[in-house]
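Colleague: So you can see what is in the structure, the chains are spelled out below.
Number of protein chains: 2
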Amino acid sequence: MRITVLGSGAWGTSLACLLHQARHAITLWGHDPAQMDNIRRTGRNEPFLPGIAVPKEFTLTHDSAAAVARAELIVAALPSQVFRKVTACLRDFAGIVVSVTKGIEHDSGLSMCGILAETAPRARPVALSGPTFALEVARGIPTACVAASRNEAVARETQELFHRPMFRVYRSQDIEGVELGGALKNVIAIAAGVSDGLGFGDNSKAALVTRAIVEMRRLGVACGAQAETFAGLSGIGDLTVTCFSKLSRNRGFGERLGRGEKPADISASMVQVAEGVPTARSARALARKHGVETPIIDEVHAMLYEEKNARQALQDLLTRELKAEG
Amino acid sequence: MRITVLGSGAWGTSLACLLHQARHAITLWGHDPAQMDNIRRTGRNEPFLPGIAVPKEFTLTHDSAAAVARAELIVAALPSQVFRKVTACLRDFAGIVVSVTKGIEHDSGLSMCGILAETAPRARPVALSGPTFALEVARGIPTACVAASRNEAVARETQELFHRPMFRVYRSQDIEGVELGGALKNVIAIAAGVSDGLGFGDNSKAALVTRAIVEMRRLGVACGAQAETFAGLSGIGDLTVTCFSKLSRNRGFGERLGRGEKPADISASMVQVAEGVPTARSARALARKHGVETPIIDEVHAMLYEEKNARQALQDLLTRELKAEG
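Just so you know, the sequences run in chain order H and A.
Number 154 in the numbering used here belongs to position 154 of the first sequence; there are no gaps in the numbering.
Just add 1000 to the spot in the second sequence (first one is 1) and you have the numbering used here.
What the hints contain is simulated information worked out from the structure, not anything from laboratory work.
Careful, some of the hints might be misleading.
Restricting the straight-line Cα-Cα distance to at most 20 Å, the calculated cross-link-like pairs of lysine to any residue (SDA-like) are [to be verified]:
| # | chain 1 | residue 1 | chain 2 | residue 2 |
| --- | --- | --- | --- | --- |
| 1 | A | Lys1246 | H | Gly252 |
| 2 | A | Lys1246 | H | Gly199 |
| 3 | H | Lys308 | H | Arg281 |
| 4 | H | Lys56 | H | Arg139 |
| 5 | H | Lys246 | A | Gly1252 |
| 6 | A | Lys1246 | H | Tyr305 |
| 7 | H | Lys246 | A | Leu1247 |
| 8 | H | Lys246 | A | Gly1199 |
| 9 | H | Lys246 | A | Met1036 |
Computed far set for chain A versus chain H, every beta-carbon distance over 12 Å [to be verified]:
| # | residue |
| --- | --- |
| 10 | Asp1107 |
| 11 | Arg1122 |
| 12 | Gly1224 |
Idealized CB from N, CA, C, for every residue including glycine.
This is chain H alone, in the form it adopts within the complex (with noise of 0.2 Å):
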């Protein structure tokens, strides 16, 4: 099959080479023609995927109408930010677009499902999401997430077409439930690092991830999605590792928000976008307009947003009234 990455980052990559190793015939595309030039001459992803080779057979491209031209099924792996604006190639295209970016889009309250249905009327979006860090699935390490697509026969042909022995993908219908675990996981993440940033410790951050579990189910039962998607892979697995691991880049991008640093600063630095930033704005949005109480998501908007002090922030939130469990 001929299929396009959107997006050259870690996680395009990532699955770019998984898919090749299915013997896809693979298009990379990135908006940077110098990262694309570096691709092709170093045979890696550098900073994006230390370590790990990239094929010679890929096609690399900075044009994105080239790249979807010929495509059978289409990745979007592109940061929450631009992902209307790129997809916007996809206009004519009829076939799956599998997106892996987690984010809620600012004015519209969209997913990026939610968008797909308005820049690629004709295709067939699919979420693909999970506890999945890209340079652990270039290794190779024992992974495992979920494709969501409301047409079950599509999320079967996703779950087909990605699954390998170390890459294990189950189907769930419910896109909406999926698409938000993933996108409200990296507001959380960004508490818990501000957690290990004043030098509190596992037992702070389990509490926090407990009560955001409930707190990510309440705003997406709100928005349509199922409750018991928050439960699975794409909510609480994805959520524990990012809030837990040291490879989370929101949780890192907190960590140093707990330790003094001004948010600004903090993205100005990072090769990478933290998508919790951003998404902290949206989600508080979105829980304002359904009558959503979210006292997490409010707090690292406060801190992200309104220069509220770390301290505080965490100390309001981990000292709410006694009360029963739930």
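Following the hints, put chain A in place on chain H, whose structure we already have.
Modeller: Just chain A, lined up with the frame of chain H:
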């Protein structure tokens, strides 16, 4: 209030210090006279709680009858294997007994509060559980846990007794669920440690944790617990921290198992018990009794008691057939 803590390990000592801060009169009992002498002499309880001062005001004893004679409330912080034997001294005790032990008695399938119903028939048992590393609590790091009793007034009394700004106690009436969550997560943590020891990654562990919570809930519900409890602090909260933290003894046990050490050698070298080891046996027996499928618990049992190769066990867990999630 006169409070006696039975058990002078890390958690018993840490809780004794916490209750002492609220000006209660503490008696700390340990079975080993040499250890009690050591605390008396050094003002510390090394190696259990490194660097933490034990108040001089504690009454230290290794005589359990004397320890409980004038007590108004008991905290039982004992290894599960000696819980029945030690709590025999509570035969006539009619107050609240707070069990903080996480385990399941093998022959009876009873939880610790189930044992108390037999050894201390006049007492009012409470289970206190959650993501609570003893050393973090002793250091004043923000922590949250649950006090569970079928009797809500008893749960509330316990909550008020233990609650501090940095130690938040929630209430539950699902004592079965709270106790089972705490016991079972130690078994899962061994599997998570094996994954680490084999050099697998955070993706792998997130997948394991996600499936574990389903397995724990399934067994819990079969035993009469409420499904929601497993989504709380004593379920998912305690499970995640135990699987991801460097501080967990059970995860550490599994890590060494994954590196090829023998179970007996690991146990022999540890200062404190890894409760997941005996619990793997009793949890498996409980699952069989109730006809519940528990693939993770079964594989841990096979590694510990049937000499199954660790890599094979994890591989068998991570490569089950393709299916929809849930």
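Colleague: None of the hints should be skipped; say for each whether it holds.
Modeller: Hint check:
no. : hint                   : verdict
1   : Lys1246/A <-> Gly252/H : holds (18 Å)
2   : Lys1246/A <-> Gly199/H : holds (15 Å)
3   : Lys308/H <-> Arg281/H  : holds (15 Å)
4   : Lys56/H <-> Arg139/H   : holds (18 Å)
5   : Lys246/H <-> Gly1252/A : holds (18 Å)
6   : Lys1246/A <-> Tyr305/H : violated (33 Å)
7   : Lys246/H <-> Leu1247/A : holds (16 Å)
8   : Lys246/H <-> Gly1199/A : holds (15 Å)
9   : Lys246/H <-> Met1036/A : violated (40 Å)
10  : Asp1107                : holds (31 Å)
11  : Arg1122                : holds (27 Å)
12  : Gly1224                : holds (18 Å)
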